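Student: Position one of the sequence shown corresponds to residue 37 (the numbering used here), numbered consecutively onward.
Please note that a few of the clues may not be correct.
Listed next, the in silico EDC-like pairs over lysine to aspartate or glutamate satisfying Cα-Cα at most 16 Å (straight line) [stated by the list, open to error]:
#1 Lys123 / Glu176
#2 Lys123 / Asp81
#3 Lys52 / Glu157
#4 Lys253 / Glu243
#5 Lys172 / Glu83
#6 Lys121 / Glu157
#7 Lys121 / Asp85
#8 Lys121 / Asp81
#9 Lys123 / Asp151
#10 Lys52 / Asp151
#11 Lys223 / Glu237
#12 Lys63 / Glu157
What the hints contain is simulated information worked out from the structure, not anything from laboratory work. Please read these numbers as outputs of a predicted model, since none were measured by experiment.
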Amino acid sequence: MEWKQKIFNQLQERNKRERDVYAEIVKHYNRLTENYSTILVRCTDQERDILTLRQENTDLQKNSVSVAGLPVNDKIRTLENDYMKAKDEILTLLRERGDMTKEVISLSRLVKERDEKLYTEQNKNQILTKENVSLKQRLESTEDQLSALKKVNETIHDEFQALQLAYTQLEERQKELDATIAVLRQKMTEKMEKKCNALDEEVKLHEKRREDDVKRKLDEAKSDLMMPALSNMVSTTASLTQLKNANLDGKVHLTPTIDFIKVIVPKKAIVKWVSF
């Protein structure tokens, strides 16, 4: 706002200087006008005096008598001298009037130039005033936008601080969760190790039991397989004995021919083996 006041003060000073210059010109012009009026009145009085003197001179020449104890010729010469002085004074006044007229014309020209310059300056001042108003409006609009941006910036700053605080809290919570997860992982690992060790023991025990069971079942199957084999061997021995005895008595006997020995595995043993 300081630059606005500065420009306003400069414009006021410039207008004051221009008005002061015109004031001096107008004052001088008025003084010349007064002098011209005074000189014009004096010239009129002188002309009237001259006419009066001429009339007196004519009257004196007609009468040809002395006045106040002076001869007429002396009076005439006195009047003529007064007339010449008045004439010289009139000529001087006329010269001064001419000079004043020239000066008035010069001053009128100067006043016209000043008026044109003043008109130009006024137009320029109006343009600058309009520009100043436009700049003022733009400045106010910019200030409003700046205020709005400041509010938005403050809002964003507050939101950023809130987010930063929330992020800090989340980091702390994440650290706590990481610590809790680490503890739970350690506990779970220890629990799983214990469970695995227990399962290993159970597996070892199961394998031992299975091996014992297999061994027992194999022993039972072995015993089951040995009993039919022994009975077949006994029947085969009896058949061979009968064949031998029949051949020895010299008769032909129909005896079964033993092509091979068939081993019969009991069904009970097979079931036991498959169930394993």
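Student: If any of the earlier hints don't hold here, list their numbers in rising order.
Tutor: 1, 5, 6, 9, 11, 12
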